[in-house]
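From first to last, the protein sequence lines stand for chains H and E.
Using my numbering, read the first sequence as starting at 478 and increasing by one per residue.
Using my numbering, read the second sequence as starting at 216 and increasing by one per residue.
Honestly, the hints are just simulated from the structure, not real lab data.
Mixed in with the good hints there might be a few duds.
Here are the simulated SDA-like pairs of lysine to any residue, each with C-alpha atoms no more than 20 angstroms apart in a straight line [what the hints assert, rightly or not]:
1. E:Lys330 / H:Lys723
2. E:Lys229 / H:Gly526
3. H:Lys871 / E:Lys356
4. H:Lys872 / E:Gly388
5. E:Lys315 / H:Leu486
6. E:Lys294 / H:Ala803
7. H:Lys572 / H:Asp750
8. H:Lys723 / H:Asp580
9. E:Lys315 / H:Ser488
10. E:Lys315 / H:Thr786
11. E:Lys315 / H:Lys723
12. H:Lys871 / E:Met290
13. H:Lys787 / E:Leu313
14. H:Lys483 / E:Ser335
15. E:Lys354 / H:Lys723
16. E:Lys356 / H:Ile489
Negatives, chain H to chain E, calculated, CB over 10 angstroms [to be verified]:
17. Met487
18. Ser496
19. Gly590
20. Glu646
21. Gly658
22. Ser724
23. Leu727
24. Glu788
25. Val795
26. Asp801
27. Val847
28. Ile875
Glycine included, each C-beta is placed from N, C-alpha and C at the ideal position.
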Amino acid sequence: MIEGIKSALMSIFGNKVRSLLTVLGIVIGVSSVTILISLGQGLKNDVSGLVKGFGSNLLFVVAGKIDTNNPQGMQQTNPANFVSGNVLTVSDMDKISEVEGVDKIAPMSLVPGEISYNDKKTIPMIIGTYPEIGETLQIIKVESGATFKSNKSGNVVIIGPKTKKDLFENEDPVNKIVKVGKEDFKVIGVFSEVEASSVFGDQFSTLAAIPFDTATRINQNKVNIQRIMIKVTDGYKVLDVKESVKSTMLKNHENEEDFTVLTQDDIVGLLDDLLGLLTTLVSAIASISLLVGGIGIMNIMLVTVTERTKEIGLRKAVGATRFDIALQFLIEAVMVTMVGGLIGLGISFAVSGVVASKTDLTPAITPSVVGLAIGISTIIGVIFGLWPALRAAKKDPIEALRYE
Amino acid sequence: MPIIELKNVTKTYKSGKLSVNAVCGISIKVEKGEIIAIMGPSGSGKSTLMHIIGLLDRPTSGDLLIDNKKINMSMPDSKLAKIRSEKIGFIFQQFNLLNKMTALSNVVMPTIYKKIGKKSAQERAVNLLSEVGLKNRIKHKPSELSGGETQRVAIARALINDPDIILADEPTGNLDSKSGQEIMKVLVDLNKKGKTIILITHDQKIADYAKRTYKIMDGKLIKEAK
Chain H
478 MIEGIKSALM SIFGNKVRSL LTVLGIVIGV SSVTILISLG QGLKNDVSGL VKGFGSNLLF
538 VVAGKIDTNN PQGMQQTNPA NFVSGNVLTV SDMDKISEVE GVDKIAPMSL VPGEISYNDK
598 KTIPMIIGTY PEIGETLQII KVESGATFKS NKSGNVVIIG PKTKKDLFEN EDPVNKIVKV
658 GKEDFKVIGV FSEVEASSVF GDQFSTLAAI PFDTATRINQ NKVNIQRIMI KVTDGYKVLD
718 VKESVKSTML KNHENEEDFT VLTQDDIVGL LDDLLGLLTT LVSAIASISL LVGGIGIMNI
778 MLVTVTERTK EIGLRKAVGA TRFDIALQFL IEAVMVTMVG GLIGLGISFA VSGVVASKTD
838 LTPAITPSVV GLAIGISTII GVIFGLWPAL RAAKKDPIEA LRYE
Chain E
216 MPIIELKNVT KTYKSGKLSV NAVCGISIKV EKGEIIAIMG PSGSGKSTLM HIIGLLDRPT
276 SGDLLIDNKK INMSMPDSKL AKIRSEKIGF IFQQFNLLNK MTALSNVVMP TIYKKIGKKS
336 AQERAVNLLS EVGLKNRIKH KPSELSGGET QRVAIARALI NDPDIILADE PTGNLDSKSG
396 QEIMKVLVDL NKKGKTIILI THDQKIADYA KRTYKIMDGK LIKEAK
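Assemble the whole structure, with the sequences as input and the hints as a guide.
Have a look at this one:
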């Protein structure tokens, strides 16, 4: 066995260029699979970290029906529903507020437009919401100043740290007058910094909140609610409250389930499904590369077997059995593919390093990814090395010794 | 007691409707410790005979006995390979060394298939290379050796598993006459140490080193000469 590995390495390094070209398919296949999985894993870690930051006692009500138990749930959902603003109503929120176990509630109603101060402008994500926004969506807190007193507080705004930086630099923005769209608004507070995320970027840092009724007025009196965020009262089970909210909503929507109540786990789960789908897709593409790579290996191994016919004859003459010969060439094929796998893995590590340093995403190359890369390349080596190895084993020693 | 005995051995090659008798009913006896030659022009069947004696080929009919034991020709390849590695050492006209390996690795190579410990195999290989006068050449590759030196490495390789029988197929065929004589001297010395040596050659000068010569023509034994 050790002799086999030694002889395989000798043969690989004896033909460096050929070996390198041979393993290219394996390198591409293995690196694309491992890069994708580690990116996906990194993305998942990132998003679940963020979602966990929302607080585990948070429920979201969104428009559209998503089947969270079905991995294909995302596919059956009309994406337009997610941003649709006319499914969720003020009446829904009033009813939900009365549900037992609901502590705080805040809607998210998008308002288009920019915020300007003197001659500086920025385009943040402006939402109309309730004063309780900071207590529901726990990832954001009012750092300085205060939140608005009620939905009828008029033209007041809480700005995000990025907006503050863009418009005020080092100046204190509280009590300053800014323009939201064409109207004057008084800045009453600033949200705290939220760590940038690969999925949401610095969206949370640009978030600006205005009272819900003001938002509705700006949206030409059209109620436009994208999300309802609910904080569950301490001591209540999130899943129980989720069911109560759902039945209340169903009653209010005349039993038409055109909404979904999501927990933190549901959101992470949905992301898992999406990533799973993506991984399957890219794996399918990568497997084509691996197949082509495998055929390349088979081809080159057949050439090697022919080139080394005389060696095979000699080895048989000095006592090698068919099994010995087959094993030798099989080990060689596996070593070639494993070298390919390791190069692929090296590329993945390099790419992950670059991604980690240039973006907010930290790809995670887990031991199972390393195992997968080595496993895949070994299996390819065995599958595509078998036939050439058997051909080598079957060679007649006399014919082989005569081969020139 | 004969170490090798061929009884009425025939080998027929069939290709389509045509059949060629490469060896026709040859009987040969070789005593332990003998040095004999099998001589004949090319195409006479002497190589086929060597392949049969060397268990690389199976006769169409007739019996082969090694150490007075009949070789069952229907036994699987792996069994034949085992007997081959224990009893027979090959020396070829083309040397057949592996070019990417050192002299030492070439000599050690047959032990891989006999599952001998690496350390003892290497020690033995170094001793054998010293015996054939290549003590300073063990790390050299075949391309760095002369023809005569290369054939000595091949002789050391043939001896590594300590076989009783050495089959030498035109051992000097690719060498100049001086190197050829030196190689023959090595083989004669081995014979003196008790190895049974079978020389396959078309060259009378080589056959002269043997105590007995079997002359073969068209697959038939035409003469046994002392």
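Results for each hint:
For the given pair, lysine 330 of chain E sits about 73 angstroms from lysine 723 of chain H by alpha-carbon distance, which is inconsistent with the 20 angstroms threshold. Restraint check: the Cα-Cα separation between lysine 229 of chain E and glycine 526 of chain H comes to about 76 angstroms, which exceeds 20 angstroms; the hinted pair is violated. For the suggested pair lysine 871 of chain H and lysine 356 of chain E, the alpha carbons sit about 29 angstroms apart, so the restraint of at most 20 angstroms is broken. Simply put, lysine 872 of chain H and glycine 388 of chain E have alpha-carbon atoms about 26 angstroms apart, too far for the 20 angstroms limit, and the pair is violated.
Between lysine 315 of chain E and leucine 486 of chain H the alpha-carbon distance is near 12 angstroms, which keeps this suggested pair within the 20 angstroms criterion. Straight-line distance between C-alpha atoms of lysine 294 of chain E and alanine 803 of chain H comes to about 16 angstroms, which keeps the hinted pair within the 20 angstroms bound. Only pairs whose Cα atoms come within 20 angstroms are accepted, and lysine 572 of chain H paired with aspartate 750 of chain H is rejected, the gap being roughly 32 angstroms. For the given pair, lysine 723 of chain H sits about 16 angstroms from aspartate 580 of chain H by alpha-carbon distance, which is consistent with the 20 angstroms threshold.
This hinted pair checks out: lysine 315 of chain E and serine 488 of chain H have alpha carbons roughly 9 angstroms apart, not beyond 20 angstroms. Restraint check for lysine 315 of chain E and threonine 786 of chain H: satisfied, since their Cα atoms lie roughly 15 angstroms apart, inside the 20 angstroms limit. At most 20 angstroms may separate the alpha-carbon atoms for a hinted pair to count; lysine 315 of chain E and lysine 723 of chain H exceed this at roughly 75 angstroms. Under the criterion of a C-alpha separation no larger than 20 angstroms, the hint pairing lysine 871 of chain H with methionine 290 of chain E is consistent with the structure, at around 16 angstroms.
Among the hinted pairs, lysine 787 of chain H with leucine 313 of chain E is consistent with the structure: their alpha-carbon atoms are about 9 angstroms apart, no more than 20 angstroms. Taking the CA atoms of lysine 483 of chain H and serine 335 of chain E, the gap is about 19 angstroms. The hint holds against a cut of 20 angstroms. Straight-line distance between C-alpha atoms of lysine 354 of chain E and lysine 723 of chain H comes to about 82 angstroms, which puts the hinted pair past the 20 angstroms bound. About 18 angstroms separates the Cα atoms of lysine 356 of chain E and isoleucine 489 of chain H, which keeps this hinted pair within 20 angstroms; it holds.
With a least CB separation of 6 angstroms from chain E, methionine 487 of chain H falls inside the 10 angstroms interface cut-off, contrary to its annotation. With a cut of 10 angstroms on Cβ distances, serine 496 of chain H stays outside the contact zone with chain E, its closest approach being about 14 angstroms. With a closest Cβ-Cβ approach of about 74 angstroms to chain E, glycine 590 of chain H is found to remain outside the 10 angstroms limit, as its non-interface label requires. Every CB of chain E is more than 10 angstroms from the CB of glutamate 646 of chain H (nearest about 70 angstroms), matching its label as outside the interface.
At roughly 78 angstroms, the least C-beta separation between glycine 658 of chain H and chain E is larger than 10 angstroms, which holds for a residue marked as non-interface. Here serine 724 of chain H stays apart from chain E, with its beta-carbon at least about 75 angstroms from theirs, past the 10 angstroms limit. Listed as outside the interface, leucine 727 of chain H is consistent with that label: its C-beta sits roughly 75 angstroms from the nearest C-beta of chain E, beyond the 10 angstroms cut-off. Not every CB of chain E lies more than 10 angstroms from the CB of glutamate 788 of chain H, the least distance being 6 angstroms, so the non-interface label is violated.
Against chain E, the non-interface label of valine 795 of chain H is violated: not every CB pair exceeds 10 angstroms, the least being about 4 angstroms. At the 10 angstroms boundary, the C-beta of aspartate 801 of chain H falls inside the reach of chain E, the nearest C-beta of that chain being 6 angstroms off. The non-interface label for valine 847 of chain H is consistent with chain E: the shortest C-beta to C-beta separation is roughly 31 angstroms, beyond 10 angstroms. Not every CB of chain E lies more than 10 angstroms from the CB of isoleucine 875 of chain H, the least distance being 5 angstroms, so the non-interface label is violated.
Consistency with the previously given hints fails for numbers 1, 2, 3, 4, 7, 11, 15, 17, 24, 25, 26, 28, ordered from lowest to highest.
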